[in-house]
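Colleague: From first to last, the protein sequence lines stand for chains L and Y. For the first sequence, our numbering gives the first residue as 1, with consecutive numbering after it. For the second sequence, our numbering gives the first residue as 475, with consecutive numbering after it.
Hints may be right or wrong, so weigh each one.
To be verified - So the derived label-pair ranges between C-beta atoms look like this: (1) L491/Y - E400/L: 45 to 51 Å; (2) E170/L - F512/Y: 22 to 28 Å; (3) A310/L - V487/Y: 36 to 42 Å; (4) Y499/Y - A284/L: 19 to 25 Å; (5) F512/Y - A411/L: 25 to 31 Å; (6) V502/Y - W113/L: 24 to 30 Å; (7) T513/Y - A411/L: 25 to 31 Å; (8) V482/Y - P179/L: 41 to 47 Å; (9) E170/L - T513/Y: 19 to 25 Å; (10) V407/L - Y499/Y: 26 to 32 Å; (11) L491/Y - W113/L: 22 to 28 Å.
Just so you know, these hints were derived from the structure itself, not from any lab. Every residue, glycine too, gets a C-beta built ideally from N, C-alpha and C.
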Amino acid sequence: MSLVSFLDREHSVAPAGYSRWLVPPAALAIHLSIGQVYALSVFKTPLVERFETSETAIAIVFSIAIVMLGLSAAFGGTWMERNGPRKAMALSAVCFVTGLLVGGLGIATGQLWLLYLGYGVIGGIGLGLGYISPVSTLIKWFPDRPGLATGLAIMGFGGGAFIASNLSNELLGAYTSLPADAVPTDAVAPAFFTLALIYALFMTFGVLTVRVPRDGWKPEGYEPKADSGGLRTTAHVAASESIKTPQFWLLWTILFCNVTAGIGIIEQASPMIRDFFPDDVSPAAAAGFVGLLSLANMAGRIVWSSTSDAIGRKPTYMLYTGVGAVAFFFLATAGDTSVLLFVVLAAVILSFYGGGFATIPAYLKDLFGTFQVGAIHGRLLTAWSAAGVAGPLIVNGIIERQRDAGVEGAATYRPALLVMVGLLSIGFVANLLVRRVADRHHASADVLGTYPGVTSQQTTGSAKTAPSASGGTR
Amino acid sequence: MSEQYSGVKARLVGAWLFVGIPLAYGIVQTVRRAAALFTG
């Protein structure tokens, strides 16, 4: 079997006895790797010194990568659905590792454009394909617990930053020949090359381990059914059709509002806590606060997403946006009365931020079915790219204006925090407006039949059942 | 049958350890950093 055909969907169908619990580690291998992008800031100072340029010029690398993530997820989703997760994960690994190698070459030769092209553009494509590729596969393996399954994978994206930031610091320390108090500019390129090798191995494990369920497979005892609230469907909507529904744009709005609000805290976490409590919080404690928020962000991805399987997706997003808005309001009006209150409110908000990312694929599955849920998810992630631009612009713009007006302390942040209350209220209303997708958007049997991995059972939306455990076990 | 079952079980344990150990390492290091909020 050639390498290319090994990667095909038909060669990645689960053999008899394959456990579906092998798919989450395969997904985690990819997400833990690409989560490295959130730890890029570890290299910020050495890169500024290496290229003798501004922080903004280096920050552009991250921005390019995130924009490419959104674009590749949006445009690569349908290709991924047709070709299967193994090929998509393999292409993601090739792009991400090549991005690190080309970026490393740019650093070694002092050419910043190579870093933009390598890590930003090529690596960014790897991020987008890697982010969406395991998600629809997990939903197909875990139709009974989609929130838990996607929460596990997307938690990995947050966890990947923890691994990468510590590993990168270790590598910089090991490779530099400069004195301990100097910026390790000589160690960045070798660190990039080493990360490329480590992530190539890690992502290959994901590629080799992932499997798709065979046609018609479903978990023992699971019967797909629409829920009493009427949101969950057993029919399927094509990705190209999904963007014509109000439901897609309502979810886009919810994700945009939730991410923008979370970024409002992440962007300013360290200076904010010090300005709120100038006499009580040291720089080291502020760094600890940033670490605590990262943990809350990661925990929210698995905890809230799993909870949504029990309480439903709509109530979960009412929690994120409704309770989130209340938390922002108290942060703005009473956050400076107690360090503990401030920390708890910020941690709750960040857990909702992470939960919002992790629960959205399950919400999409409820509304649009499993047919092209990965491709629809990819298109929805443009809300993330938009929030990544809008969030910092809104927050930094308001705070700078406050400072220019001579405002100090907690009051500097109050207007920005109240804007987040407004944004989350918009998200809350958008969530309230979500209804079941109209039947006219459902894909016909003819359309579904042209896609690999779609069975006659799926095309009719029938809850009829499933074959034996062969080709996948519970 | 039981050989096949123990093979699947071993593969499951191996796969989860492969991703779980690095993740646990990252989380422990971050918890240590976060502890500075209460001690720093």
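Colleague: Hint by hint, say whether it matches the structure.
Modeller: Comparing the hints with the structure gives:
1. L491/Y - E400/L: 45 to 51 Å: holds (48 Å)
2. E170/L - F512/Y: 22 to 28 Å: Hint holds: Cβ distance 25 Å, inside 22 to 28 Å.
3. A310/L - V487/Y: 36 to 42 Å: violated (28 Å)
4. Y499/Y - A284/L: 19 to 25 Å: Check passed, 22 Å falls within 19 to 25 Å.
5. F512/Y - A411/L: 25 to 31 Å: holds (26 Å)
6. V502/Y - W113/L: 24 to 30 Å: Once the Cβ atoms are compared, 38 Å apart, the range 24 to 30 Å for W113/L and V502/Y is violated.
7. T513/Y - A411/L: 25 to 31 Å: holds (29 Å)
8. V482/Y - P179/L: 41 to 47 Å: Violated, since V482/Y and P179/L (Cβ atoms, about 53 Å apart) do not stay within the stated range.
9. E170/L - T513/Y: 19 to 25 Å: Once the Cβ atoms are compared, 23 Å apart, the range 19 to 25 Å for T513/Y and E170/L holds.
10. V407/L - Y499/Y: 26 to 32 Å: violated (42 Å)
11. L491/Y - W113/L: 22 to 28 Å: violated (41 Å)
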